[in-house]
Amino acid sequence: MISCLLRLSDRLSWATAALAALAMALLFVLMLSEIISRNLFGRSLGFSWEVSGYLLGLIIFMASSWALRNDKHIRITLLRDHIPEGYARWLDLLATLIGVVIAGFFSAAFIGFCLQTWHGGTVSSTPQEIPLIYPRALMALGLIVFTLTLIVRAMVLFSLPGLLAHPPEDATMTTKGKL
Amino acid sequence: MITIMLTAFALLLAILASGVWVGLGLAGVGIVSLEMFRGFMPVEKLLAQTLWNSTTTSGLVALPLFILMGELLFRSRLTQLLFDGLAPWVDRVPGRLLHTNVLGCTLFAAISGSSAATTATVGRITSNELMRRGYDARIAAGSLAGAGTLGFLIPPSTIMIIYGVLAQVSILKMFMAGIIPGLLLALAFMIYLGGYALLRPGELPPRQRGLRVGDYLRALIQLGPVALLIALVIGSMFTGMATPTEAGAVGVLGALIVCLLQRCLSWRNLWSALMGAAQLTSMIGIIIVGAMFLSVAMGFLNVPRTIADMISSLELSPLALVAILLVFYVVLGMLLEGMSIIVMTLPITLPLITQAGFDPIWFGVFLVLVVEMAQITPPVGFNLFVINGITGMKISQVARAVLPFFLIMVAFTLLLAVVPEIATWLPDHLSQHR
Amino acid sequence: ATQLIIVTPWPEGNFQVRALNQFADAVKEATDGEVELDIHSGGALGLKGPELLSAVRDGLVQGADMLLTQQVGEEPLLGIESVPYLTRNINDAALLRATAWPYYEAVAAEYNQKFLYTVPWPGQGVFTRQPVETVEDLQGVKLRTVDKNGTEFFKALGASPVQMPWGEVVPALASGVIDGVTTSTPSGVDGSFWEFTTYFNKLDWQLAPDVVSINLDAWNALTAEQQQTIETLAQEMEPQFQQLSQDEDERNAQILADHGIHMSAPSAELSKQLTDAARPQWQQFRESAGTQADELMTRYLEARDAQ
Ligand code: NA
Ligand code: NA
Numbered sequence: 001m002i003s004c005l006l007r008l009s010d011r012l013s014w015a016t017a018a019l020a021a022l023a024m025a026l027l028f029v030l031m032l033s034e035i036i037s038r039n040l041f042g043r044s045l046g047f048s049w050e051v052s053g054y055l056l057g058l059i060i061f062m063a064s065s066w067a068l069r070n071d072k073h074i075r076i077t078l079l080r081d082h083i084p085e086g087y088a089r090w091l092d093l094l095a096t097l098i099g100v101v102i103a104g105f106f107s108a109a110f111i112g113f114c115l116q117t118w119h120g121g122t123v124s125s126t127p128q129e130i131p132l133i134y135p136r137a138l139m140a141l142g143l144i145v146f147t148l149t150l151i152v153r154a155m156v157l158f159s160l161p162g163l164l165a166h167p168p169e170d171a172t173m174t175t176k177g178k179l
Numbered sequence: 001m002i003t004i005m006l007t008a009f010a011l012l013l014a015i016l017a018s019g020v021w022v023g024l025g026l027a028g029v030g031i032v033s034l035e036m037f038r039g040f041m042p043v044e045k046l047l048a049q050t051l052w053n054s055t056t057t058s059g060l061v062a063l064p065l066f067i068l069m070g071e072l073l074f075r076s077r078l079t080q081l082l083f084d085g086l087a088p089w090v091d092r093v094p095g096r097l098l099h100t101n102v103l104g105c106t107l108f109a110a111i112s113g114s115s116a117a118t119t120a121t122v123g124r125i126t127s128n129e130l131m132r133r134g135y136d137a138r139i140a141a142g143s144l145a146g147a148g149t150l151g152f153l154i155p156p157s158t159i160m161i162i163y164g165v166l167a168q169v170s171i172l173k174m175f176m177a178g179i180i181p182g183l184l185l186a187l188a189f190m191i192y193l194g195g196y197a198l199l200r201p202g203e204l205p206p207r208q209r210g211l212r213v214g215d216y217l218r219a220l221i222q223l224g225p226v227a228l229l230i231a232l233v234i235g236s237m238f239t240g241m242a243t244p245t246e247a248g249a250v251g252v253l254g255a256l257i258v259c260l261l262q263r264c265l266s267w268r269n270l271w272s273a274l275m276g277a278a279q280l281t282s283m284i285g286i287i288i289v290g291a292m293f294l295s296v297a298m299g300f301l302n303v304p305r306t307i308a309d310m311i312s313s314l315e316l317s318p319l320a321l322v323a324i325l326l327v328f329y330v331v332l333g334m335l336l337e338g339m340s341i342i343v344m345t346l347p348i349t350l351p352l353i354t355q356a357g358f359d360p361i362w363f364g365v366f367l368v369l370v371v372e373m374a375q376i377t378p379p380v381g382f383n384l385f386v387i388n389g390i391t392g393m394k395i396s397q398v399a400r401a402v403l404p405f406f407l408i409m410v411a412f413t414l415l416l417a418v419v420p421e422i423a424t425w426l427p428d429h430l431s432q433h434r
Numbered sequence: 001a002t003q004l005i006i007v008t009p010w011p012e013g014n015f016q017v018r019a020l021n022q023f024a025d026a027v028k029e030a031t032d033g034e035v036e037l038d039i040h041s042g043g044a045l046g047l048k049g050p051e052l053l054s055a056v057r058d059g060l061v062q063g064a065d066m067l068l069t070q071q072v073g074e075e076p077l078l079g080i081e082s083v084p085y086l087t088r089n090i091n092d093a094a095l096l097r098a099t100a101w102p103y104y105e106a107v108a109a110e111y112n113q114k115f116l117y118t119v120p121w122p123g124q125g126v127f128t129r130q131p132v133e134t135v136e137d138l139q140g141v142k143l144r145t146v147d148k149n150g151t152e153f154f155k156a157l158g159a160s161p162v163q164m165p166w167g168e169v170v171p172a173l174a175s176g177v178i179d180g181v182t183t184s185t186p187s188g189v190d191g192s193f194w195e196f197t198t199y200f201n202k203l204d205w206q207l208a209p210d211v212v213s214i215n216l217d218a219w220n221a222l223t224a225e226q227q228q229t230i231e232t233l234a235q236e237m238e239p240q241f242q243q244l245s246q247d248e249d250e251r252n253a254q255i256l257a258d259h260g261i262h263m264s265a266p267s268a269e270l271s272k273q274l275t276d277a278a279r280p281q282w283q284q285f286r287e288s289a290g291t292q293a294d295e296l297m298t299r300y301l302e303a304r305d306a307q
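Protein chains in written order, with the working numbering: chain A, 1 to 179; chain B, 1 to 434; chain C, 1 to 307.
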């Protein structure tokens, strides 16, 4: 049951991270196109800077849960390293729960922000006039998945902490095996 | 005010010690402090706005690009070539390949405007290889964390641009003012590494024996790809092809070409580089968000301004003022994010320092140095986090390893106060000829 | 005493901040220290751009000095003064400001705030390496622009507008990524543009007004007497601040000239060509910025042509 939940959560995290990876590729392509367009055709694409900023925000939040599962996010382990193994699990659980509360606050705050953007029909104050709800809603999605991943982490720590001993492999998440 | 500061500090220590992820923890302290002391304001709205503003700013776009460049190069054989190429040349230099980090960061700092990008990119390329070749992990990590900070001092530099705008000084002059201090600081780091190696010869791998002229020449050829890559990126900036941020994309393109030529560009490698870069960007981004929000919260509670006001009421002599400001910024830099420290305190410290007879350009270099120190002081130090993320070394270990480099920077900053010309000579000299 | 946090994106020493500080001092004195405006300059609290209108509405801060052109994503009508070449001189500008103010006040009320006073930035011109005397001189010039108006205006004139963050502008100018920048004289001095460009043609093609705004909840919490005092001060000091902007323009123009920048203004012919290039955008503004904006535009143009 709980391992099933973790697998499901891992798939979700991987999927959002895959979107982040695509956003990363797009960011590069966009910047390169701007350089090429300006130098070869003498005209700027215009939107590249603005969109790059949104892509960066997407990458940060969309990749956050997969980075969490792979222990890429930074935490200070000084205390945990100096207490007996049995207590370390409970300390980790405490830290995860605090994380859930803060990430939950992030998500709630950002959902409210999105609703306001939606109702106000806010567009960017740039020539592109991009409706800001699109990048913001995607960032909110990233935050929600991040919060869910933390909640699942807390549940696993509580019942079967051994499951977290090995981070999930990238390759096992891809259906085709090799990319 | 004392209550606010003590509460925030205790909370920060408790929450970080419990092992909460740093970015979340910093934001959490900000949220709780604001709810406690400014409960009437809509904290969640400020948080959402700060999340949005700090992650979608175009000033940060170079970061993911340079991280992606590092991830690609990490998967190529460039690293090995770099080290094989450098090895014969530094064989007689005390410390040998230990200098790679400082040299690499100095070169890379000329490409990148941020210290996190410099540390992450160079570290990704060098750290595993240094340890594989038998160099001590601590001194490798320490030199990386220390030299990574050169990203801000050697132009281009995001911090100098912000300072130039805030203090209304020429950004070009700021860039020029950073060059000599940046090179001197790199030299100081290398002297330290050399001395360290002389005192502890046991901690270094053995020297190569019987090097011939051919070895040196072959080494030069091996350095070719790195040199070309750097030339490509710097060249794109100086010929007017690309802005400093866009040069990041040129770097990625160069890295792709290197991978292609070395036949290690597979879809699989490309995908894992993208996934790796996205996660590293996310890690740094979440910390930036947390650090920004904590800084904004402290700004709302007037903490940095109150302390700066206190200093201004002391009416100190110029050198004493610099010393006090150094302490002030080092302490703030332990907890807050470097860029926001500058923005929040500058309205008070800049008039103080100019009244004391210092050049605003000089003060810009001083501030860049203290922000660099903030990058390597625990508990909140970006370079420490980045190195922890790359090598898996504990933050406390990295912090201890970087201590000598921190002390060198303190000494260098004091030297800069006594001999301001280190910073001001080049801009003054060059602008006279215009 | 009541403390109101007011944020401004501009750095300490900038004339907008100097004006704001003067206003804060005057308010403090006139209310016997009962109302204090706590000014945070340089965007120090992380609020400095297009979010200021909503930040004041939501009470994140009690007030802000905001650039109206940046708020058009929330409320397009606020962009009327930045529509290209709508004003030909200082008199036009004053007329447009006066005509627009009641409309602004209505928008402000909708966003739960009250606009106290407005101070325009000095008029926008172009800093370039080559002289710009005719429309031909603009052909293909890679010019850094900020907003939709500028981008479309200069595209219509045959230039090649480039968008990039301010942080990239100086290195980009130095290396030749761009050939010029459209901005005002104080920004030209801030960026030491004489290091990279030689000419400034003060086209005056766009106005960029700042507005100092205060949250209505914070406002209503003041006594009627305090409100009266502050309102009177805003009215009295606004002309001084607008004069300050003009003085600042002249002072900075002098600095630019002293550093070898050739200053010029558009010829009658260029001026006519600029108007022709701008007209489609007047129409576009009428169509896209709402009925109120259309009405305001009509009212202004009628008043202007009646002069
Ligand atoms: Na740099
Ligand atoms: Na620090």
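Read the hints as simulated data drawn from the structure, not as lab findings. All C-beta atoms, glycine included, are put in the ideal place defined by N, C-alpha and C. Treat each hint with caution, since some may be false.
To be clear about the criterion: a stretch of chain B counts as covered by chain A if any three or more of its residues have a C-beta under 8 Å from a C-beta of chain A, and this derived list gives those stretches [stated by the list, open to error]:
| hint | region |
| --- | --- |
| 1 | 58 to 64 |
| 2 | 78 to 85 |
| 3 | 104 to 112 |
| 4 | 268 to 277 |
Quick rundown of the hints versus the structure:
1. 58 to 64: It holds, with 5 qualifying residues against the three required.
2. 78 to 85: violated (count 0)
3. 104 to 112: violated (count 0)
4. 268 to 277: holds (count 6)
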